[in-house]
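**Student:** Here's the letter readout for the chains.
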Amino acid sequence: MSFLIQQTLLYSIPLMIVALAGVFSERSGVINLALEGIMIMGAFVGVVAVRAFQGMQFFIDAEANGSWMTLQLTGLAVMLIAAFAGAVFSLLLSYSAISLRADQTIGGTALNLLAPAISLFLISLIAKQTTLNLEGGLNSADLFMLKRSTLGIEPTEKLNFFTETFVVKNYPATYICILVFVIMAIILYKTRFGLRLRSCGENPQAAASLGINVFKMRYAGVTISGALAGMGGFVYAMTTQNCSANGDVAGFGFLALAVMIFGNWKPLNIAFASLLFGLLKCIAVSFSTLDINGDGIYLLKDKIHVSSYLYMMLPYLITLIVLSLTSKNSRAPKAEGIPYDKGMR
Amino acid sequence: MNNKLSLLYRKDGTQKFLSSLIAILLGMVFGSILIAIVGLNDSDIGGKGVFDGIKLVFLGLFSTGMKDGSLTFGFNPSLFGDMLFRATPLIMTGLSVAVSQKTGLFNIGAPGQYLMGTTVSLMIALSIPASSVPPVVIWLLAFLGGILAGALWGAIPGLLKAFLNINEVLACIMTNWISAILTTWLFDVSRFSVFRGPATSAMGDPIVLNGSFKNLIESTKSAYVYMTNYNNVATAKLGLDKLFPGSQVNGGILVAILLAVVVYIVINKTTFGYQLKACGANRHAARYAGIQDKRNIVFSMAIAGGLAGAGASLYWLSGNTEFAWQTYQSLPAVGFNGIPVALLAINNPIGVIFSGVFMAMLNIIGTRLKALTAYNEYITDVIIAAIVYLSAFALVIRMWLGGRKKKKEAAPKPAEPAPVQPAAEKPVETSDPAVSEEQKGGAQA
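One line per chain: the protein sequences are C and L, in this order. Take the first sequence: its position 129, counted from the start at 1, is 129 in the working numbering, and no numbers get skipped. Take the second sequence: its position 268, counted from the start at 1, is 268 in the working numbering, and no numbers get skipped.
If you're looking for bench data, these hints aren't it; they were derived computationally from the structure. Keep in mind the model is a prediction, meaning the values are calculated, not measured. Incorrect hints may have been included.
As the list claims (entries may be wrong) - BS3-like cross-link-like pairs, simulated, lysine-lysine; straight-line CA separation at most 30 Å:
1) Lys334(C) / Lys216(C)
2) Lys67(L) / Lys370(L)
3) Lys342(C) / Lys16(L)
4) Lys221(L) / Lys237(L)
5) Lys128(C) / Lys55(L)
6) Lys370(L) / Lys128(C)
7) Lys67(L) / Lys48(L)
8) Lys277(L) / Lys342(C)
9) Lys334(C) / Lys266(C)
10) Lys48(L) / Lys128(C)
11) Lys128(C) / Lys67(L)
12) Lys128(C) / Lys221(L)
13) Lys277(L) / Lys328(C)
14) Lys294(L) / Lys328(C)
15) Lys334(C) / Lys294(L)
16) Lys342(C) / Lys216(C)
17) Lys334(C) / Lys277(L)
To be verified - If you anchor each label on the Cβ, the simulated ranges turn out as follows:
18) Ser324(C) / Ser132(L): 35 to 45 Å
19) Gln326(L) / Ile153(C): 33 to 43 Å
20) Asn203(C) / Gln329(L): 37 to 47 Å
21) Leu195(C) / Val266(L): 47 to 57 Å
22) Gln329(L) / Phe215(C): 32 to 42 Å
23) Thr220(L) / Asn242(C): 20 to 30 Å
24) Ile37(L) / Leu91(C): 15 to 25 Å
25) Asp42(L) / Leu91(C): 21 to 31 Å
26) Ser219(L) / Asn242(C): 20 to 30 Å
27) Thr220(L) / Ile338(C): 44 to 54 Å
28) Phe58(C) / Leu164(L): 56 to 66 Å
29) Ile338(C) / Ser132(L): 53 to 63 Å
30) Ala127(C) / Ala36(L): 15 to 25 Å
Even glycine gets a Cβ: it sits at the ideal position worked out from N, Cα and C.
Given the sequences, and given the hints that come with them, work out the whole structure.
**Tutor:** Here it is in structure tokens:
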């Protein structure tokens with residue numbers, strides 16, 4: 001059970017944060033198809049940053065002494081770097097979509113093509129192969145995971161359910177992401193800035209008539225979106241890809257888009273949707289070794305004879321079905337995808 | 001003469017063409033800048049490496065190898081043949097995107113349609129024993145099966161768009177990933193009855209396929225599906241292999257060109273094509289004029305899907321291509337590259353032939369970069385992405401071209417033709433070889 005919850009969280013958290021990234025962009029009126037590309041960029045820059053830190057003396061010392069606080073702070077710094085990279089990368093989208101009023105779908109697609117191309121180009125030059133790993137064959141877990149040893153717990157000591165599930169073998173980055181998610185959701189819904197941002201996605205002309213700078217708001221929306229997606233990309237690489245970058249996030253950006261639609265563009269629904277999709281992803285990945293109640297029986301593999309591919313497919317199928325069922329009363333922002341034109345008032 | 005030139009310059013088509021050329025040129029310049037930045041910061045590459053890299057970006061198609069540490073250039077038939085071979089699926093996915101664009105739909109689902117076409121045509125091609133059915137018939141069946149599979153897959157977002165008004169981009173993204181997983185699933189579990197193929201192994205014995213589409217005969221190949229020539233199914237070469245010795249080219253490119261012409265005729269010369277375009281221009285006005293908009297939207301997406309599926313069939317039925325069936329984590333780049341192909345051709349089916357060949361040329365350039373320099377093939381993906389990004393605001397480039405024209409009109413007349421020359425000539429220098437050679441190739445065949 002602990003394993004299932006932990007794994008589900010690992011997959012859900014990046015989904016959650018990237019789906020919220022999508023919300024910020026779409027609520028401001030710009031369709032962000034580039035989530036996948038921005039995630040790839042964030043993951044790549046993040047891994048490069050970790051490798052850079054690995055060459056610094058303070059990091060080597062911290063690694064040798066096992067001072068996990070320093071390591072975690074570095075992890076946090078890398079998350080910020082990845083967020084910054086994502087924000088900068090997303091400026092390409094905002095420039096074409098907002099300033100030049102170009103087709104947002106094509107712009108997003110271009111970014112989705114650009115991110116893997118650039119990162120693979122550089123990865124191949126750095127690593128002479130298509131995957132960029134940590135220096136010295138280190139694992140992500142060695143650096144950033146909370147382990148029994150880091151907390152000073154004996155290997156044999158029996159732990160209560162809470163510690164077992166939510167502390168040991170967890171990445172603190174997960175909780176930072178949840179915190180960021182909550183803060184950003186509050187900003188979007190409970191602040192003046194959030195209200196203004198959302199108004200630009202519903203009726204930009206009306207918003208402009210009340211003195212709101214639609215261009216600025218949309219730039220803000222896409223940039224925040226880029227930052228969140230970049231951070232999500234690195235968190236994904238760190239927690240599920242062993243801190244490696246290979247110019248690919250296995251469609252997670254698109255899955256996040258599905259989460260956003262399934263969650264009807266609302267943060268709380270998105271949180272639940274990402275848990276559901278994360279669970280399905282987790283089931284699909286650890287299908288054959290999933291022992292839910294710890295009795296040595298692999299329930300899914302041996303008892304329920306359903307292919308693991310079905311679990312992989314379900315998120316997309318569910319999204320399609322939800323799209324068809326709710327197409328009449330979808331809460332999609334009204335002005336999304338339409339370039340802002342002052343003269344349309 | 002001057003008057004004619006300026007008329008030509010002012011024509012809508014010319015301006016579209018110029019804006020595409022500018023996008024291509026800027027994309028290649030961007031790639032070259034990246035090569036220079038990376039190369040100058042890397043002591044292993046150095047100035048000469050940078051120069052070689054940039055030379056290859058522009059002239060890679062004519063590269064014949066390396067002699068005494070410097071690149072040699074000339075006509076290289078195997079590169080040309082491979083370019084035409086790789087252009088085949090690109091032209092088809094490009095057509096797919098272009099047709100849907102005519103109806104105002106953005107078909108980002110080409111990768112999924114391509115995958116479904118791949119799956120069905122490979123399964124048909126491998127599971128009908130060539131000992132009892134002539135390979136040509138199997139090829140045709142597989143080709144049609146691929147088209148049908150792609151069409152059905154494309155029809156799904158079409159139906160959702162027409163009847164439930166669901167954004168086709170979102171529906172396509174979902175169906176893309178469903179097809180990526182479905183393909184893996186199908187190839188993982190499917191079995192066909194064991195038969196003795198007529199094809200013979202190197203030892204001279206007939207090959208006994210083992211009932212799985214996965215290539216389990218050759219070790220280390222289980223991640224791939226059998227090549228179709230295991231079942232003696234392969235696209236006819238039609239003499240093109242004589243023309244371009246040492247390359248993979250086959251008759252598929254001619255089929256692709258033929259289909260492009262057919263699409264051009266259907267779109268521009270028939271009532272049906274007019275209806276499709278009318279729905280794209282204004283769905284409601286079209287309905288008011290008595291055109292069944294819903295039906296046309298579904299048809300448009302189905303045709304788009306069928307074209308992408310046909311591209312997949314043409315590529316994988318060649319007999320010498322191996323399909324890696326574990327696609328559940330990534331979508332085929334060929335599908336997405338249909339978008340730049342269509343964008344560069346401004347959705348003109350005939351233009352798609354040339355832009356498809358151009359994209360394939362970039363692809364070949366990538367392989368040359370990897371083979372001959374310290375750089376790798378991904379730089380061409382960067383160039384493609386940059387071109388897509390620039391095509392996104394092709395409208396701005398066009399406005400800029402048009403705007404400059406207007407200013408010139410206001411100026412005294414003799415100055416008029418002056419800006420035409422550099423604008424028209426510069427891009428031609430770099431991309432014309434590919435285009436003109438392609439024409440030659442087509443004419444000879």
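**Student:** Against the 30 Å threshold, does the CA-CA distance of lysine 334(C) and lysine 266(C) hold or violate the hint?
**Tutor:** holds, 14 Å
**Student:** If you draw a straight line from the CA of lysine 128(C) to the CA of lysine 67(L), is it 30 Å or shorter?
**Tutor:** Given pair lysine 128(C), lysine 67(L) holds - Cα atoms ~24 Å apart, limit 30 Å.
**Student:** Is the gap between the beta carbons of leucine 195(C) and valine 266(L) within 47 to 57 Å?
**Tutor:** This hint holds: roughly 50 Å between Cβ atoms.
**Student:** Kindly confirm whether 21 to 31 Å is satisfied by the beta carbon distance between aspartate 42(L) and leucine 91(C).
**Tutor:** holds, 27 Å
**Student:** Please verify whether lysine 67(L) and lysine 48(L) have alpha carbons no more than 30 Å apart.
**Tutor:** The hint holds at about 14 Å.
**Student:** Regarding the pair lysine 334(C) and lysine 277(L), is the alpha-carbon distance no greater than 30 Å?
**Tutor:** holds, 26 Å
**Student:** Does lysine 294(L) pair with lysine 328(C) here, judged by a C-alpha cut-off of 30 Å?
**Tutor:** holds, 17 Å
**Student:** Quickly compare the C-alpha distance for lysine 342(C) and lysine 16(L) to 30 Å and report which way the hint goes.
**Tutor:** OK: lysine 342(C) and lysine 16(L) at ~27 Å, within 30 Å.
**Student:** Is it true that glutamine 329(L) and phenylalanine 215(C) lie within 32 to 42 Å of each other by Cβ?
**Tutor:** holds, 38 Å
**Student:** Taking 30 Å as the top limit, are the C-alpha atoms of lysine 67(L) and lysine 370(L) close enough?
**Tutor:** The given pair, whose Cα atoms are some 16 Å apart, holds under the 30 Å limit.
**Student:** So if I understand the rule, the pair passes when the alpha-carbon distance is 30 Å or less; does lysine 334(C) with lysine 216(C) pass?
**Tutor:** Since the Cα atoms of lysine 334(C) and lysine 216(C) sit roughly 19 Å apart, the hinted pair holds (cutoff 30 Å).
**Student:** Is the hinted pair lysine 221(L) and lysine 237(L) satisfied, with a Cα-Cα distance of at most 30 Å?
**Tutor:** holds, 26 Å
The structure meets every hint from the earlier list without exception.
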